[in-house]
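Asker: The primary structure of each chain is shown beneath.
Number of protein chains: 2
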Amino acid sequence: MTLINENFLKLSESYLFTEIARKVNAYKEENPKADIISLGIGDVTQPLAPAVIEALHKAVNEMATAASFRGYGPERGYDFLRDAIVENDFRAHGIDIVADEVFVGDGAKSDTGNFQELLGKDVVIALTDPVYPVYMDANRMAGRTALVKLPCTAENDFVPELPGEHVDVVYLCYPNNPTGTTLTRGQLAQWVDYALEQDAIILYDAAYEAYIQRRDVPHSIYEIPGARECAVEFRSYSKTAGFTGIRCGYTVVPKDLKLPLGALWSRRQATKFNGASYLSQRAAEAVYTAEGRAQVRATVAYYMENARLMRERLTSMGFKVYGGIDAPYLWMQTPAGMTSWECFDWMLRSAHVVCTPGVGFGCCGEGYVRLTAFGTRENTERALRQMANQL
Amino acid sequence: MTLINENFLKLSESYLFTEIARKVNAYKEENPKADIISLGIGDVTQPLAPAVIEALHKAVNEMATAASFRGYGPERGYDFLRDAIVENDFRAHGIDIVADEVFVGDGAKSDTGNFQELLGKDVVIALTDPVYPVYMDANRMAGRTALVKLPCTAENDFVPELPGEHVDVVYLCYPNNPTGTTLTRGQLAQWVDYALEQDAIILYDAAYEAYIQRRDVPHSIYEIPGARECAVEFRSYSKTAGFTGIRCGYTVVPKDLKLPLGALWSRRQATKFNGASYLSQRAAEAVYTAEGRAQVRATVAYYMENARLMRERLTSMGFKVYGGIDAPYLWMQTPAGMTSWECFDWMLRSAHVVCTPGVGFGCCGEGYVRLTAFGTRENTERALRQMANQL
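Protein chains in written order, with this note's numbering: chain A, 1109 to 1499; chain B, 1109 to 1499.
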């Protein structure tokens, strides 16, 4: 017997973005004058919406007097937020979700990472390849090694094929991180049908939902008939409203699931979590006001204009790029047969642009890098110029 | 094979405080006019310190412009906070802890709940009885059933005896939740010696450290020689500074531990957590300013005056009470041989006072209830009068 959880030793030594930060810092130390632009980690750059700022100041003031002070919040989140979520994110789109199915948390990373705790140790889990590393690493930490990979490459237009074998759980992330590609309503419906037929659970990460532009791309898996019986959905304010530093998100666990995952998630969160900050919950509520919505949409449009510029200019430079139409990510084929990390090094050293090596998201990411549209316009344009100068 | 984690099914149906809330709500529905005072859940009632409010407004303003906006924070927390922690909570007391050993999180509940993930499945874990339910439930969720109980009762003055057998991990919480009792420096040194001798790890929860009054009670386990080689310490701003709704805490994982727990915790947090809110971290930093410290101390003194009144009056009513000298909790023997839940019902129905049944913290808590000093002065005095009227 060993004292530590040996599954941790089977992971790559560091989380992907930790490794990138290490490499960038090392380069900066050697080249202190290099003006490095990050299009790597998916962090936002635009400030919070004025409606959110106003809500935050108001919430801070509430904490200043005993009469309006708030301590521990309700376990599943405040009603003011859960009601706003249900009304705006679901009912307004004709989707039947009730407040009791909504669990407010501190972000989709925590929730998608922790949700696997509710599953049996030997369940068969399917993941796309490339994939957001959190799903993979969280399952490996729990000792699950029987992971079915669903390749997503240019050859299949980044649409994963249904598994030929039975799987118990499928993680799907659409709009996709890292490829920036999407599924149409019809393509997602095939997955819901598969899950219903196989008694499988879909863990659906819709963190980038706000970036969808095209009408045939679903914003929620619950737009698909039958999804209430087989799907859990994760949402986040990080990218929707720039909350990467504020921390708030939510998870929908419908009561129609065949497994009692709502009760189990409730028990898990009540035991090992103490709620998102009251301030963050008030900030999230403000995203749903008329002003909040308009301001947040304008910021999304700003990033999507970056994405458009990146697609256009990279294509005209001769790069092959995917995604970036309904998502803030572009998935770029590496030039001249470079590996992902070779391309990362080349871009860092020659153009001073940080990307994310595709292979960090899985074997099928080899030969690609991920670029994000979350920069400022100025930095995005400068990065594109610096890349053009290297060709 | 089952799809769900069956360990969850072996837990009591709900988290203790969820169950209490359910009972209180049911009573309120039947008796809408009853003026119920909660001395049950350990939530604070006094507002945030003015220095904290000021820091929060300032941090909110930073989020309003692109130049000062903050997105994802550093994985282990911002340096401004980790440096303040090291300087004020450790170096000022002659304790040798460095910033690299400090991991900022969203509270001690999350951290004490999640830390067991780093341990092997079959480690032998010792817990006091009564115990904060999070330690127990988190381990049961992970399938650990070989738990060694360390009884803490009036007979042993609530000081747990060293296990007669080998254990790998010991959870200690001092000042104690729920009993409100403490260990002297000498008593804690015996545990450190035991851990060093047995190659065991002590998970030391010091969430109530700010309430310590007596000089022979250690504020940190690192006051004890050898603790850097065997102990992890959890700290929280929830009770220290009223952050139950703000969410911030930290965990110290020293580099001298024989197991690589720092590296593992870093990997766990980088994968399944995305940091405490920037606002919460700025709020925590303000607790260490001269004004912040003085304001926070005044609030602790306010609660401790509640504790003194409760001890004095309950004793004069003939109740036998423990704790409440270096902690915001009083541990009261139930009168007339009542069980904990009978006493809970009696206090709710007759005096309209909510307590926490001791048995909810373990078998050795049967025959006790926990009362908190976190009420307002007015409510605390009223609760005491209502109890006196029932006798």
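It should be emphasised that the hints constitute simulated quantities derived from the structure, not laboratory data. There may be inaccurate statements among the hints.
To be verified - Straight line, CA to CA, 25 Å or less: simulated SDA-like cross-link-like pairs of lysine to any residue:
1) B:Lys1229 x A:Phe1188
2) A:Lys1366 x B:Leu1117
3) A:Lys1166 x B:Thr1173
4) B:Lys1136 x A:Val1231
5) A:Lys1118 x A:Ala1250
6) A:Lys1366 x B:Ser1120
7) B:Lys1118 x A:Val1231
8) B:Lys1131 x A:Val1231
9) B:Lys1131 x A:Phe1188
10) A:Lys1363 x B:Glu1114
11) A:Lys1166 x B:Glu1114
12) B:Lys1166 x A:Phe1177
13) A:Lys1118 x B:Val1232
14) A:Lys1118 x B:Lys1166
15) A:Lys1166 x B:Val1232
16) A:Lys1166 x B:Arg1490
17) A:Lys1136 x B:Glu1114
Asker: Indicate, hint by hint, whether the structure satisfies it.
Answerer: Each hint tested on the structure:
1. Between the alpha carbons of Lys1229 (chain B) and Phe1188 (chain A) the distance comes to roughly 40 Å, so the proposed pair goes past 25 Å and is violated.
2. About 16 Å separates the Cα atoms of Lys1366 (chain A) and Leu1117 (chain B), which keeps this hinted pair within 25 Å; it holds.
3. This hinted pair checks out: Lys1166 (chain A) and Thr1173 (chain B) have alpha carbons roughly 18 Å apart, not beyond 25 Å.
4. In summary, the hint linking Lys1136 (chain B) to Val1231 (chain A) is not supported, as the alpha carbons are separated by about 43 Å, beyond the 25 Å threshold.
5. A distance of roughly 11 Å separates the Cα atoms of Lys1118 (chain A) and Ala1250 (chain A); the hinted pair therefore holds under the 25 Å criterion.
6. Between Lys1366 (chain A) and Ser1120 (chain B) the CA atoms are separated by roughly 22 Å; this keeps the pair inside 25 Å, and the hint holds.
7. This hinted pair checks out: Lys1118 (chain B) and Val1231 (chain A) have alpha carbons roughly 19 Å apart, not beyond 25 Å.
8. This hinted pair does not check out: Lys1131 (chain B) and Val1231 (chain A) have alpha carbons roughly 37 Å apart, beyond 25 Å.
9. Only pairs whose Cα atoms come within 25 Å are accepted, and Lys1131 (chain B) paired with Phe1188 (chain A) is accepted, the gap being roughly 23 Å.
10. With a CA separation close to 19 Å, the supplied pair Lys1363 (chain A) and Glu1114 (chain B) stays within the 25 Å bound.
11. Distance hint between Lys1166 (chain A) and Glu1114 (chain B) is unfulfilled; the C-alpha atoms sit about 44 Å from each other, more than 25 Å.
12. Proximity of Lys1166 (chain B) to Phe1177 (chain A) is assessed by CA-CA distance (about 19 Å); at most 25 Å being required, the pair is judged to hold.
13. The suggested pairing of Lys1118 (chain A) with Val1232 (chain B) holds, with an alpha-carbon distance near 23 Å, which does not exceed 25 Å.
14. Between the alpha carbons of Lys1118 (chain A) and Lys1166 (chain B) the distance comes to roughly 43 Å, so the proposed pair goes past 25 Å and is violated.
15. Taking the CA atoms of Lys1166 (chain A) and Val1232 (chain B), the gap is about 48 Å. The hint is violated against a cut of 25 Å.
16. The straight-line distance between the Cα atoms of Lys1166 (chain A) and Arg1490 (chain B) is roughly 32 Å, outside the 25 Å bound, and the hint therefore fails.
17. Taking the CA atoms of Lys1136 (chain A) and Glu1114 (chain B), the gap is near 49 Å; set against the 25 Å cutoff, the hint is violated.
The structure fails hints 1, 4, 8, 11, 14, 15, 16, 17 (numbered hints given earlier, in ascending order).
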